[in-house]
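A.B. asks: Below, each chain spelled out in residue letters.
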Amino acid sequence: MSDVCIVGAGIHPFGRTEGRDGMDQGVFAVKQALADSGIEWKDVQFAFGGSAASGNADNMVSQLGLTGIQFINVSNGCATGGSALNAAVSAIKSGEYELGMAVGFDKHPRGAFNADPSDYGLPNWYGEAGYMLTVQFFGAKIMRYLHEHDISRETLGRVAEKAFRNGVKTDHAWRRSEVDLDTIMNAPMICDPLTKYMFCSPAEGAVALILASEKKAKEMGVPIIRLKTSVMRTRPAGSFEVFAASIDNERGGTATEIASKAAFEQAGLGPEDIDIAQLQDTESGAEIMHMAENGFCKPGEQEQWLLEGRSDINGTLPINTDGGCLACGEPVGASGLRQVYENVVQLRGTAGARQVPGDPKTAYTQVYGAPGVSAVTILQR
Amino acid sequence: MNAQPIADNLFTADMGALVGARNKETGHIFFPLPLNPDDNIEPIALASRGTVWTYTVQRFPPKEPYAGPTDPEKFKPYVVAYVSLPGQTMVESRLTGIEPEDVKIGMEVELTAIPLDPDAPPEEQKLIHAFKPVQGE
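These protein sequences, in sequence, are chains W and H. Using my numbering, read the first sequence as starting at 1 and increasing by one per residue. Using my numbering, read the second sequence as starting at 1 and increasing by one per residue.
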């Protein structure tokens, strides 16, 4: 079967942009993606898009042009971008369309996300007693993981150190200065064992991708990046998710493990075939767990990987080459698409100072979010 | 009037156990008892002793809907743990009677109740669940 191809990519810088709302950042990214692919808005046959906090994506048509386009809004929490991409791929695979777009954008207020217990089927006392905080979940989950697999706390620090090092070299990153390991380790603790530098922050940003059938992409005469697979999965029994007043004694797998396995099967590839990976790093611990959940190492091997720099830009498997969520921040609707954008740039060989050496050919993304959703893509040049 | 639990159906009437939920068909046990349980869910008194499976420490005062003390001067970091109750489930709970630095995964703990705001007048105090180290551990 022919592949769906990415023929254009655009990004609005992540971080904080005063005076420009989330949707305007989305329009900025779309215009950049159109220019990148050498087409005009009127050529786009359909779009899927979404944001968590910045309005309905289909309203973008008032700024982009009233062409009558089919524009479907996607709302899937942290997997919004991944789900938009997934749906766009299906639309092309079905044969109904040959040129379309996936877009995600957001602009969140400062500070941790506020959450209402009733939205999660929880009683009010759960919030009143002080459990309604995502940071507690991240701390408790990685605390157990470090204990179970004998990984040092310093490994968490090394993940953050790498993220900021890569962010320095990334135009679209928010945090653009290095932070040394001592500073990261000795910074104020937020939720043990995670200090403030080990968490990403809610932020702003937007990404748009133009997708085409293989036939159409060849006609366009632009650099082609093949989307070998795009998979989204939800949690299995016994997973450990945010805002859980209880979890089963009998532990189960994760949404990421399921999505990763399906993606490799569909693409006919394995972890050993991947040259670059962008993995969800809401906090340092997430990157560590996701290295294993996506099959790139065994649980417990992460400490050695980080010590030896195997996930550095010059390492055997560069991970989060643009600094990930830790350096870019997390605009929920755009975050998963940022990972794909970064891989497109890397596979084209146009990543500048952060370019992965050795002519990378195959690249992997994985986004994870509440309450236990995970989306994976594999791109190939 | 003495201090009251923060919610009905959180503790058993004698305050000796937490009220969990059991699916009559599958036997699956979870916590807390839903406000409007389905017909196949029955209340169950959970074990009052268990072991710490994992934990973290809430180091900064939470925002709303948190109803405990948030004055940065008075706020005391609190431990949030998952306590494994054998054969039942793991309950998310504060730990009390122990400093964060002394908490160990695997330690044995037992149920108690603590005021959400120890400085509140007794008649306004709301009791929340917590586990404390088993004496002699």
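To be clear, the hints were calculated from the coordinates, so they are not data collected in a lab. A hint or two may mislead.
[To be verified] In silico DMTMM-like cross-links for lysine to aspartate or glutamate, where the CA-CA straight-line distance does not exceed 25 angstroms:
| hint | chain 1 | residue 1 | chain 2 | residue 2 |
| --- | --- | --- | --- | --- |
| 1 | H | 63 | W | 119 |
| 2 | H | 76 | W | 303 |
| 3 | W | 196 | H | 73 |
| 4 | H | 104 | W | 150 |
| 5 | H | 104 | W | 250 |
| 6 | H | 24 | W | 250 |
| 7 | H | 104 | W | 241 |
| 8 | H | 104 | W | 303 |
| 9 | W | 93 | W | 116 |
| 10 | W | 196 | H | 108 |
| 11 | W | 196 | H | 42 |
| 12 | H | 63 | W | 116 |
All figures in this text were calculated on a predicted structure; none of them were measured in a lab.
A.B. asks: Confirm or reject each hint.
C.D. replies: Against the structure, the hints come out as follows:
1. Pair hint residue 63 (chain H) plus residue 119 (chain W) holds up; C-alpha atoms about 17 angstroms apart against a cutoff of 25 angstroms.
2. With a C-alpha separation of about 33 angstroms, the suggested pairing of residue 76 (chain H) with residue 303 (chain W) is violated against the 25 angstroms cut-off.
3. With a C-alpha separation of about 20 angstroms, the suggested pair residue 196 (chain W) and residue 73 (chain H) falls inside the 25 angstroms cut-off, and the hint holds.
4. A distance of roughly 14 angstroms separates the Cα atoms of residue 104 (chain H) and residue 150 (chain W); the hinted pair therefore holds under the 25 angstroms criterion.
5. A C-alpha spacing of about 21 angstroms is found between residue 104 (chain H) and residue 250 (chain W), which places the hinted pair at or below 25 angstroms, so the restraint holds.
6. The suggested pairing of residue 24 (chain H) with residue 250 (chain W) holds, with an alpha-carbon distance near 18 angstroms, which does not exceed 25 angstroms.
7. A threshold of 25 angstroms between alpha carbons decides the hint, and for residue 104 (chain H) with residue 241 (chain W) the separation of about 22 angstroms falls inside it, so the pair holds.
8. The hinted pair formed by residue 104 (chain H) and residue 303 (chain W) meets the criterion: a straight-line CA distance of about 22 angstroms does not exceed 25 angstroms.
9. Our distance criterion of 25 angstroms between C-alpha atoms is broken by residue 93 (chain W) and residue 116 (chain W), whose separation comes to about 39 angstroms.
10. Of the supplied pair hints, the one linking residue 196 (chain W) and residue 108 (chain H) is violated, its CA atoms being roughly 30 angstroms apart against a limit of 25 angstroms.
11. With a C-alpha separation of about 42 angstroms, the suggested pair residue 196 (chain W) and residue 42 (chain H) falls outside the 25 angstroms cut-off, and the hint is violated.
12. Distance restraint check for residue 63 (chain H) and residue 116 (chain W): the Cα-Cα separation of roughly 11 angstroms lies within the 25 angstroms cut-off, and the hinted pair is therefore satisfied.
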